[in-house]
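Engineer: Listed below, chain by chain, are the residues.
There are 2 protein chains.
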Amino acid sequence: MPPPPTFTRKEREFQAREELILTHARRLLIDKGFQAWNMDQLAEAVEYSKGTLYQHFTSKEDLVLSVATASLKQRADMFEKAAAFRGLTRERCRAIGFACCEFAVSCPDYFHVEMMLKSTSFWEKASEERRQAHAFQGARCWRILNNIVVEAMALGDMPRDQFTPEQATFSLVSVTVGSHLMSQEPQLRVQAGITHPLLSVRRNQDLICDGLSWKPLLRDHDYTETDERILREVFPHAHLWLKADH
Amino acid sequence: MPPPPTFTRKEREFQAREELILTHARRLLIDKGFQAWNMDQLAEAVEYSKGTLYQHFTSKEDLVLSVATASLKQRADMFEKAAAFRGLTRERCRAIGFACCEFAVSCPDYFHVEMMLKSTSFWEKASEERRQAHAFQGARCWRILNNIVVEAMALGDMPRDQFTPEQATFSLVSVTVGSHLMSQEPQLRVQAGITHPLLSVRRNQDLICDGLSWKPLLRDHDYTETDERILREVFPHAHLWLKADH
DNA sequence: ATCTTTTTTGACTGTTAGTCAAAAAAATAA
DNA sequence: TTATTTTTTTGACTAACAGTCAAAAAAGAT
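For the record, the sequence lines run as chains A and B.
The opening position of the first sequence corresponds to residue 12 in my numbering, with each subsequent residue numbered one higher.
The opening position of the second sequence corresponds to residue 12 in my numbering, with each subsequent residue numbered one higher.
There is no bait here: all hints are sound.
Computed list of lysine to any residue pairs in SDA-like fashion (alpha-carbon distance at most 20 Å, straight line):
1) A:Lys129 / A:Phe45
2) A:Lys21 / A:Tyr59
3) A:Lys136 / B:Gln198
4) B:Lys129 / A:Gly44
Cβ-to-Cβ under 10 Å is the rule here; a few derived chain B residues that face chain A:
5) Met127
6) Ser132
7) Ala150
8) Trp153
9) Phe174
10) Glu177
11) Ala179
12) Thr180
13) Phe181
14) Ser185
15) Gly189
16) Leu192
17) Glu196
18) Asp217
19) Cys220
If you anchor each label on the Cβ, the simulated ranges turn out as follows:
20) B:Leu229 / A:Pro119: 34 to 40 Å
21) B:Val116 / A:Glu162: 34 to 40 Å
22) A:Gly98 / B:Lys136: 45 to 51 Å
23) B:Arg38 / A:Tyr65: 32 to 38 Å
24) B:Glu91 / A:Tyr65: 49 to 55 Å
Keep in mind the hints are simulated off the structure, nothing from the lab.
Glycine included, each C-beta is placed from N, C-alpha and C at the ideal position.
Put together the whole structure using the sequences plus the hints.
Structural biologist: If you want it as structure tokens, here you go:
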């Protein structure tokens with residue numbers, strides 16, 4: 012006998028409507044950012060009234076945070092897949108680097124929203140529930156990468172006498188976020204002569220790994236084959252940009 | 012005979028009032044962020060009417076951008092001082108690293124505003140004039156660091172066969188911004204066990220420099236004395252944190 | 001068919017960025 | 001000094017939008 016369904020029809024319909032709202036909100040975020048649309052427009056788009064939107068979300072910020080968390084969950088999922096790549100620890104880290112890039116392309120809204128998340132007033136307007144959901148997915152991403160670093164140190168692929176694994180993970184996270192952000196900046200892109208932003212991101216990750224003495228170093232090893240294997244095995248449906256970079 | 016003054020009394024008074032407005036706006040930005048104050052409150056604080064504020068700035072965003080540009084100018088000035096440090100190219104880069112940290116402390120509003128600058132709608136609301144002023148100071152910062160990198164390559168302190176100077180500069184900028192941002196994030200701070208955020212920033216800069224093979228590498232050279240000299244010669248009045256880190 | 005409960009709705013409120021006609025102040029002329 | 005013109009300042013007003021809530025509609029129970 013199957014267990015009784017956890018959700019009633021009503022609850023399922025409610026959830027489906029929430030999905031609908033989130034889908035439309037994401038579209039608006041991608042197309043227009045945060046300011047250039049309002050709740051009335053969203054209500055019209057989903058064909059429900061504004062009051063109904065507020066049955067799902069406590070504020071516009073709460074809604075947008077929810078969209079961001081959905082993206083972040085995708086990132087964590089991608090990280091998980093990448094971390095399962097079979098190879099040296101640094102190769103697995105590299106797979107995560109690819110995951111970052113694939114994520115940036117498939118969730119173009121995310122980095123824009125992440126900027127807003129730095130503002131205290133944004134968080135204050137979101138509900139505690141959504142804040143926790145976001146923190147949870149963030150922690151997943153962290154843990155996946157950190158586990159690889161821990162393993163690298165355990166296996167002797169990275170020296171353990173200079174940094175804690177957490178410090179090394181922090182460095183990788185910092186350089187990744189920073190590179191993504193900076194390579195979006197039009198002015199900097201011109202100054203630095205960046206034509207392939209995502210390639211810059213991965214190059215900076217390489218620099219940090221080399222700085223951390225994560226073996227094998229870039230100069231001691233040719234990662235071309237690794238990269239091809241990652242693309243084949245982990246991201247067979249990756250967006251074209253990944254190949255275009257090479 | 013002295014040359015006729017470029018500015019009339021009226022113009023000078025106008026400029027003085029602009030300073031006054033900017034000072035109060037910066038205070039509000041530091042204390043409350045962007046949202047939690049409005050133009051009426053600012054008008055009251057400076058003891059002028061709202062209409063007068065709009066004679067100086069085309070919008071709230073225009074005003075805030077102006078505050079940010081003033082900070083950015085300070086950063087460029089600090090960079091200039093740091094770049095004049097007498098020593099190896101990597102030591103001068105290190106001096107700039109310290110400048111970044113000193114800047115972060117003395118202009119705590121800046122990073123918060125920089126986040127908002129990522130949003131297109133923000134730029135759209137600012138005047139062309141202010142946009143250019145900001146770009147100008149940004150370019151100054153870039154040039155100062157880039158010049159050191161160029162010199163490092165010319166002197167053979169850094170290999171020139173792997174990266175252009177601009178790519179190397181971009182890496183340094185990325186890691187710096189990313190580290191500052193990430194070390195503000197409370198969640199990440201706990202996960203990574205960060206107690207001295209600014210120390211993490213400088214450590215990440217070191218990692219990138221090592222990754223770039225910028226000689227002398229961290230493991231080949233003790234920078235303790237350099238650091239002391241930088242603090243003494245370049246930032247004699249540096250905030251206490253700099254010392255507390257050690 | 002009637003009553004009760006739940007859900008949806010959109011007109012309404014409060015807030016705030018930005019405007020502009022009128023008032024005040026400053027400059028100029030008589 | 002006084003009258004007139006020009007410039008500057010002012011704050012009441014408008015428009016836009018997030019969020020609310022009483023009333024209407026729909027769903028469910030009897």
